[in-house]
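Student: The residues making up each chain are set out below.
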Amino acid sequence: MATTTKKPEQPSNVVHKYLRAKKTFPHVWCSGCGIGIILGALIRAIDRLGLPKDDIAVLSGIGCSSRLPVYVDFNTLHTTHGRAIAFATGVKVAKPKLNVIVITGDGDCLAIGGNHFIHACRRNINITTILVNNHIYGMTGGQFSPTTPYTKRGSTAPYGNLEHPFDAAKLAIAAGASYVARGTVYHVGQLTRLIADGISNNGFSLIDALSNCHTYYGRWNKEGDPVKMIEWFKSHVVPAATADKMPPEKKEGKWLTGVLHQEDKPEYTENYARLRAELKKK
Amino acid sequence: MGKNIRLLQGNEACVEGALLAGVRFFGGYPITPSTEIAEGLARRLPLVDGTFVQMEDEIGSLAAVIGASVAGVKAMTATSGPGFSLMQEHIGYAYMAEAPCVVIDVQRGGPSTGLPTKVSQSDIMQAAYGTHGDYRAIVLSASSCEECLLYTIKAVNLSEKYRTPVVLLTDEVIGHMREKVEIPDPEELEIVDRVKPEVPPEWYKHFEITPTFISPMASFGDGYRFNITGLTHDEMGFPTAKPVQIKAKLDKLRKKIERNKEDICEIKTTYMDDEPHVVVLSTGIVSRAANQAVKMARQKRMKVGAIQLVTVWPFPDELIMQYMKSCRHLIVAELNQGQILKEIERYIDKRHTKIESLQRYDSELITPQDILQKVREVK
Ligand SMILES: Cc1ncc(C[n+]2csc(CCOP(=O)(O)OP(=O)(O)O)c2C)c(N)n1
Ligand code: SF4
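Here the protein sequences come in this chain order: A and Z.
Here the first sequence stands for residues 148 to 429, where the numbers follow this note's numbering.
Here the second sequence stands for residues 3 to 381, where the numbers follow this note's numbering.
So here's chain Z without its partners, still in its complex pose (with noise of 0.2 angstroms):
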């Protein structure tokens, strides 16, 4: 059989992904730059026995997909900007009741009201930092039209296995351009799901400390009785007040993800393996132009390579430190005042390799001009 290809808006092949990745329920509210997520998903998810809600808020929206997770179904939402600080409340939720659940966000300029149909990249920190409490989140980031397929697949899979919620971060441009997406094989596609209790219902504990801290998880209706809260809870999912269970809940969110860096964790690199001595670090759309420079510099035969964050978070600092021993210029390109600068300054000696910052946050992209520009100055 040919390959399937179609041209795609990357909203679009958001809804491809979140279909071939077993998505039956989507509970949203509209909003520009996603909405075209929500529509796919209400046109597509009748047609295969799932259901799309729109519900009254964006606080809704997520309660509504935590509660169609609970109750065993693969469950999503999608939003930008205001929605996704909206969702926070309930972000921490999923994360204290190990629920898996896949939240996209569409970036636009913030703070507030911000920007609604300019691109962006500044819900970086956000996405692993906006909600209150000690947890690990699992962020991934899409450059392209096809990415947005694929990670939405990935971040429904890392949810699923390791039962917490994902955001995908794409943006304005991404959500919104065409291109050529290759819809792959569902046969070929590897999709995960929740690892299901085994043991009898007397013995199942909804928050079982395993050691690999992920624990099975059942759904409502299974025949197996449990409580789930937000209160910090004991094994079994009843409200605890004692140090040591509150500590080994605590320690189980921080460790199935810190613990699982090197499952998680995914860079791309362009022109890396000759030991460059300037890199460009960036993620989503700013890549694209990351790739463009780097191929315009190496024909003017400038040693210049790039890297681009899939995973956001955890933060892939051993991925991206293997390359930094021949680094001697770092250039961090974001659509944003400096977020995943702030990051990789910690891990970088800055004795070896500088620094050098491009930002771009007056709603216009940074160009593959712009880049190529940097690299020239630092050389």
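Isolated chain A, as found in the complex (with noise of 0.2 angstroms):
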């Protein structure tokens, strides 16, 4: 499994490195947003597994954390909303060399493109995703998601919602991907070590990252500013490593964080490959 190759350096100097800081700034997120935490831990991860810019490519399909490949010095494609799973397994099977990487929200990637996640987890795809899982729509201004928890409110659940949520990550598993963790942007670090243990996959790969949009789910819910709901994460979460020796009432309401499933199986451009060079022989 993925292992840490360098030593961490100076975590701003590292940033630094692999941003678009000429072309691309300012961003677009408002101060506070959960995503600039995903965006420095996954710069960090990749920075530690020591991989090459030229050979990584990050897509992304609509939303505010769907902005995030613009920024960063890589080979990036910002495609349409939910199907940025579908091309990145395009790019994958045409160049399996690169890391494919894929940023997404919970509308993008559990709503309107809820059938290419699963499917790419069935194929067990070599693309790492990182679901940017803020509970809300965020671009385009605060409508409930299929994460809202239920009776939350959005603008569009101005009653609070009447619908019940999706646990992606228990989606991910049961649809076939071979690493699934959660992690949130309290918990820096250990969402740098998921993402970097998640591109070190060989498989498909999913990191719910919990993240807070005080702007949008904030408000509607009177959660307040980013660093109370930040903050709340802390005080929220289970380990999943120690969560089966905890009684039941100290892991209700709380999320469980950690490597949530990992097995070895076949990767598909790898099936791929084994494909070819058997029907040479033949």
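Where hints are given, some of them may not hold.
[Stated by the list, open to error] Beta-carbon label-pair distances, calculated as ranges:
#, chain 1, residue 1, chain 2, residue 2, range
1, A, D372, Z, A44, 53 to 61 angstroms
2, A, Q409, Z, E181, 51 to 59 angstroms
3, Z, G135, A, E370, 32 to 40 angstroms
4, A, R421, Z, P188, 24 to 32 angstroms
5, Z, V197, A, R421, 31 to 39 angstroms
6, Z, A44, A, E399, 47 to 55 angstroms
7, Z, T369, A, R269, 44 to 52 angstroms
8, A, K317, Z, L233, 32 to 40 angstroms
9, Z, D59, A, A420, 20 to 28 angstroms
10, Z, D136, A, E378, 47 to 55 angstroms
11, A, Q409, Z, Y131, 42 to 50 angstroms
12, Z, D275, A, A420, 39 to 47 angstroms
It is worth saying that the hints were derived from the structure and are not from the lab.
Even for Gly, the Cβ is constructed at its ideal location relative to N, Cα and C.
Each chain sits in its own coordinate frame; assemble them with the hints.
Tutor: Laid out in structure tokens, this is it:
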């Protein structure tokens, strides 16, 4: 499994090395938004793995979170709403040497893009998907999403959400992903490690990154400012590794974090390469 | 060496054409009457270091195709009516991202699920205007199994040359019928590959506005790290809100096609050399009937000619109009409710040339007799 290959440098220096600073800033995000923290974690993970910039492709759909690729100095493809994983499938099979990373939102990945998501899990194609899970549609102004908790509010659920949310991680596991983990924007060190492990996993990886949208989710649900929202994660997670030993009441209403699932199974592009080699022998 | 002649279905001929053109990725979803193209490429692509992926739907199919294209592989998909509708969002993305790719639409009757196993030419307008926004489409149309092969190659070549999606229209009858097809010698074929940048990465602009409006294209993983977005963007590929840059981008998409109409447009003519007063205009499978009808008419000493649209879009009006000076009656024959008719009407001086429409949209073909009958009526 993935490991740390380089000693972490000063965080700010590391991040600057990978940004398209001159070309694409200022960015579009609200100050205090968790997407920036996830951007930092992604870059540090890539830096730790020592991967050359040329060998990394970052794709995204549409949403606040999906604006991320534009700012990073890799091969970047900002696609259509919900479809980044399908685009990534083409990129990966065409150039298997590329480390293919998808940045997506909870609406992007689980509503409009749900079908591509589960089928990429099923193929176990080597794509690392980072789900910026802020429980709301940020970009379009705060409509409820497939992960908005039951009874919580949004602009299209002004009286509270009547629907039940998805657990993206459970969905990915059921669909066949070989690495599934969850982190939060409070636990940045862990998030960085999980992303690095996801990239190193030879198969489909999901990192469900819980994030804050104080601008919409926070306002609609009176959850306070960014600091308060990010701190909320601190007291609302349970490490998956120790969860089994805890009594149920201590886990009530909390997120399991860390590595949730990991398995070895044949990866899609490698299967394809094997098929080609076998056909040549005939 | 003797000619390599085979008996092939139109869909099988598309497979041969794709492989000869250098297509090495196909992402698709099964749909009648196009499925044999996917099946053929599923069998053949792994033999030539290519990849076939059966995607979860047609939206994903074209997404994967564009992804593969951006990563440097010639890529295509094939579908029919309902699938073609689902692909429209990503056809638009391919225009915006200037990503070469080919979509073969084996037409069946519509709207909606329509007539899965019946012939139609009712996607002619959708092929040019199906996705939102301003852009110029390149759409070709095949009338025989041999043309399926040749125009698949032509479609791939044009898409690479102009960095744009190209649609090839065939139909249920051509897709499924079998005919003699000559497989060309690969050595003698003209195969076009996208122009690669010669500048170092620091100077590279993925959407550079050049004098021809066609930008050299690097691939992911080549050492040029660039951004692509479906948002309106500047030459570097970064989203822009500047009116000057927005206009420049949209002009680029239009001009790279409009200014090259002469290169892109092609028609075929039958008995058009002696300035016939009656001309049958058609495309695809209907052109087969038209050519037959014209031959029959000539045997009866009627001066009739036929024009077949090979390029449907951009509409080859200049090529057609050179024959209209002597034309008194233009019969537009098509398997829809007048999609070519509405377009040609824009160019024809009706005081000089009368337009007659011959339409069929009841799932049956227009026969040579139908056309001959119409010729007799106008004569
Ligand atoms: C086909 C299509 N439908 C709708 C939209 C409008 N749209 C843009 S972003 C978005 C939601 C994004 O929410 P999410 O994926 O949760 O990302 P966030 O903005 O919260 O990061 C929607 C509905 C679109 N761009 N394309
Ligand atoms: S709207 Fe929400 S998700 Fe979007 S940038 Fe602002 S805080 Fe972040």
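Student: Hints first: check each against the structure and report whether it holds.
Tutor: Going down the list of hints, with the structure as the test:
At roughly 54 angstroms, the beta-carbon separation of D372 (chain A) and A44 (chain Z) lies within the given 53 to 61 angstroms, and the hint holds. Hint check: Q409 (chain A) to E181 (chain Z), Cβ distance near 54 angstroms, so the stated range 51 to 59 angstroms holds. Our hint of 32 to 40 angstroms for G135 (chain Z) and E370 (chain A) holds, since their Cβ atoms are close to 39 angstroms apart. For R421 (chain A) paired with P188 (chain Z), a C-beta distance near 28 angstroms keeps the hint of 24 to 32 angstroms intact.
The supplied range of 31 to 39 angstroms is met by V197 (chain Z) and R421 (chain A), whose beta-carbon atoms lie about 34 angstroms from each other. For the pair A44 (chain Z) and E399 (chain A), the supplied restraint of 47 to 55 angstroms holds, since their beta-carbon distance comes to about 50 angstroms. Checked against the given bound of 44 to 52 angstroms, the beta carbons of T369 (chain Z) and R269 (chain A), roughly 48 angstroms apart, stay inside it. Remark: the range hint 32 to 40 angstroms for K317 (chain A) to L233 (chain Z) is upheld by a beta-carbon distance near 33 angstroms.
D59 (chain Z) and A420 (chain A) have their C-beta atoms about 26 angstroms apart, which keeps the hinted 20 to 28 angstroms range intact. Look at D136 (chain Z) against E378 (chain A): about 48 angstroms separates their beta carbons, and that is inside 47 to 55 angstroms. One distance hint, 42 to 50 angstroms for the beta-carbon pair Q409 (chain A) and Y131 (chain Z), holds here, with the actual separation near 49 angstroms. Distance hint check for D275 (chain Z) and A420 (chain A): the Cβ-Cβ separation is about 55 angstroms, which falls outside the suggested range of 39 to 47 angstroms.
In terms of the numbered hints stated before, the structure departs from hint 12 and from no other.
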